[in-house]
Amino acid sequence: MSTETERQRRFDALARQYSTDLYRYALWLCGQDALAKDLVQETFLRAWRALDSLKEQAAVKGWLITILRREFARTFERKVPKFTDIEYVVVADEPDATPDERTERHQIREGIMRLPKKYREPLMLQVVMGFSCEEIAQQLGLTKSAVMTQLFRAREKLKTVLQKDGITGNVYELF
Amino acid sequence: MNFSEFKELLGADPYSQDPAFLRARHQGGEFTEAATEADAFEQKLQQALAAPAPEGLAESIIGHVQQKPGHRIRTWQWAAAAGLFMALGAALVVNYQRYQFGSVEEYVLQHWQHDGVAIELQAAAPVSSERIRSVLTAVGASADEAIGGKIHYIKKCPTPDGKGAHMVVMTDSGPVTVIYMPKMDLDKAKHMSLESKQAYLIVMDRGSAALIGNSQADLQALEPMVRKHIKPVDELKT
Chain A
36 MSTETERQRR FDALARQYST DLYRYALWLC GQDALAKDLV QETFLRAWRA
86 LDSLKEQAAV KGWLITILRR EFARTFERKV PKFTDIEYVV VADEPDATPD
136 ERTERHQIRE GIMRLPKKYR EPLMLQVVMG FSCEEIAQQL GLTKSAVMTQ
186 LFRAREKLKT VLQKDGITGN VYELF
Chain B
17 MNFSEFKELL GADPYSQDPA FLRARHQGGE FTEAATEADA FEQKLQQALA
67 APAPEGLAES IIGHVQQKPG HRIRTWQWAA AAGLFMALGA ALVVNYQRYQ
117 FGSVEEYVLQ HWQHDGVAIE LQAAAPVSSE RIRSVLTAVG ASADEAIGGK
167 IHYIKKCPTP DGKGAHMVVM TDSGPVTVIY MPKMDLDKAK HMSLESKQAY
217 LIVMDRGSAA LIGNSQADLQ ALEPMVRKHI KPVDELKT
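In the order they appear, the protein sequences are chains A and B.
Converting from the first sequence to our numbering requires adding 35 to each position, the first position being numbered 1.
Converting from the second sequence to our numbering requires adding 16 to each position, the first position being numbered 1.
Be careful, since some hints might not be right.
To be verified - The calculated lysine-lysine pairs, modelled on DSSO-like cross-linking and capped at a C-alpha distance of 27 Å, are:
| no. | chain 1 | residue 1 | chain 2 | residue 2 |
| --- | --- | --- | --- | --- |
| 1 | A | Lys152 | B | Lys60 |
| 2 | A | Lys153 | B | Lys247 |
| 3 | B | Lys23 | A | Lys153 |
| 4 | A | Lys152 | B | Lys23 |
| 5 | B | Lys172 | B | Lys247 |
| 6 | B | Lys172 | A | Lys194 |
| 7 | A | Lys153 | B | Lys199 |
| 8 | B | Lys172 | A | Lys152 |
| 9 | A | Lys153 | B | Lys179 |
| 10 | B | Lys247 | A | Lys194 |
| 11 | A | Lys192 | B | Lys23 |
| 12 | B | Lys179 | A | Lys152 |
| 13 | B | Lys179 | A | Lys194 |
| 14 | A | Lys179 | A | Lys152 |
| 15 | B | Lys247 | A | Lys192 |
| 16 | A | Lys72 | B | Lys179 |
Stated by the list, open to error - The following residues of chain B were derived to be distant from chain A, with all beta-carbon distances above 12 Å:
| no. | residue |
| --- | --- |
| 17 | His42 |
| 18 | Gln138 |
| 19 | Gly165 |
| 20 | Pro191 |
| 21 | Asp201 |
| 22 | His207 |
| 23 | Lys213 |
Just so you know, the hints here were simulated from the structure itself, not pulled from any lab data.
Glycine included, every Cβ here is placed at the ideal spot set by N, Cα and C.
All chains should be modelled from the sequences, with the hints used to inform the complete structure.
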């Protein structure tokens with residue numbers, strides 16, 4: 036197998052394995068489907084160009100997230116988000132869910148988008164990407180204890196918002 | 017590990033594989049109860065965050081990259097590429113503008129598909145006048161008392177150029193969703209079909225509104241009522 040074919044094969048495996056998680060992470064980071072897709076496309080394009088520099092397979096997830104976060108920062112330097120006040124993320128219909136479950140998920144998503152980024156981002160890295168607290172600390176340039184504090188507060192804030200909104204109660208009290 | 021330490025770790029890292037934490041999870045009593053509650057919350061969180069990725073995302077990424085190999089390009093290919101580049105540039109400008117400003121129709125369709133039906137189903141009883149006032153004030157508008165008792169649901173909603181209001185108004189022919197978009201202008205009133213519903217887009221004193229109802233609803237007849245009762249705040253003051 037030629038080096039180029041091997042390189043392509045390696046890239047294809049990365050794209051198939053991580054594109055969904057990266058898309059979800061990007062979606063919760065920026066709140067917009069179109070921008071999330073762009074971010075993931077650009078992330079993989081940069082990953083393709085720099086693939087030879089990736090020596091440790093175990094580090095691939097962190098490497099991709101680093102690229103995506105940099106690209107996100109660059110994007111927001113040059114582009115104002117379409118929705119000036121993002122209160123929820125539009126997620127495609129989930130036919131498997133009951134109406135109550137759909138409402139509940141919608142409320143959780145709204146709560147997440149209302150979390151300050153410093154709480155939302157570590158939570159997304161943990162829940163969506165499956166990062167450990169050490170990995171999150173490394174990614175965000177924080178200490179592990181700072182990350183744990185943020186994660187604890189993120190969950191507490193989210194629970195408070197959801198309780199206030201009455202996750203199983205009156206939808207009118209959402210805002 | 018005492019309960020306080022356990023709760024802290026549970027709140028920060030319920031996925032922790034720390035042996036002492038794992039033992040505490042199963043020691044029963046308040047430990048196990050807290051762990052069960054946290055696990056249920058995590059499950060809901062995971063389900064909410066598991067947004068479906070666009071279909072064929074990985075393949076489109078792979079295809080995108082495969083179009084960029086470093087193969088030799090002949091002169092005619094450069095010329096063709098330059099022409100294509102210019103055409104794409106023009107298309108991108110047009111598309112960027114569409115993306116940036118969107119049309120009222122696109123926004124209404126997307127908004128309705130997202131939560132229109134679910135919200136309509138939850139519009140059970142009239143909303144308090146305080147609630148109506150609070151939401152409409154936030155979007156720079158107000159409604160007079162006459163429409164108050166008819167509004168069975170109201171919330172703020174994002175529109176491409178600022179906040180709007182999503183309401184469900186109860187009428188003789190069933191619920192009608194009114195999406196008020198004070199920052200989105202419309203040239204003239206127009207009809208649009210919306211899955212099993214019909215929509216009527218109207219020009220408001222400020223911005224526009226979409227009236228969405230079932231096929232029996234006389235949306236055109238509702239227009240004067242909506243226009244009369246929902247007004248920009250500064251207009252009401254004068």
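* Sort out whether Lys152 of chain A lies within 27 Å of Lys179 of chain B, counting only the CA atoms. => Holds, at roughly 21 Å.
* Whether His207 of chain B stays farther than 12 Å from all C-beta atoms of chain A, as the label says -> holds, 24 Å
* **Agreement of Lys23 of chain B and Lys153 of chain A with the hint, judged by alpha carbon distance not exceeding 27 Å** => The given pair, whose Cα atoms are some 22 Å apart, holds under the 27 Å limit.
* **His42 of chain B remote from chain A - nearest C-beta pair above 12 Å** => At roughly 21 Å from the nearest Cβ of chain A, His42 of chain B sits farther out than 12 Å, so the non-interface label holds.
* **Given hint Lys194 of chain A paired with Lys172 of chain B - CA-CA distance at most 27 Å** => Holds, because 21 Å separates the two Cα atoms, which is no more than 27 Å.
* To do: Grab the minimum beta-carbon distance between Pro191 of chain B and chain A and tell me whether it stays above 12 Å.
  => holds, 14 Å
* Beyond 12 Å from every Cβ of chain A: is that where the Cβ of Asp201 of chain B lies? -> holds, 16 Å
* **Given hint Lys60 of chain B paired with Lys152 of chain A - CA-CA distance at most 27 Å** => Measuring from Cα to Cα gives roughly 20 Å; hence the hint holds.
* Holds or violated: Lys153 of chain A with Lys199 of chain B, Cα cutoff 27 Å? -> Between Lys153 of chain A and Lys199 of chain B the Cα gap is close to 30 Å, so the pair fails against 27 Å, i.e. violated.
* **Holds or violated: Lys179 of chain A to Lys152 of chain A, with C-alpha atoms at most 27 Å apart** => Holds, at about 18 Å.
* **Pair hint Lys179 of chain B and Lys194 of chain A, alpha-carbon separation not exceeding 27 Å** => Holds: Lys179 of chain B and Lys194 of chain A sit about 25 Å apart, inside 27 Å.
* To do: Below or equal to 27 Å on CA atoms is what counts here, so check Lys72 of chain A against Lys179 of chain B.
  => holds, 24 Å
Violated hints, in rising order: 2, 7, 10, 15, 18; the structure is consistent with all others.
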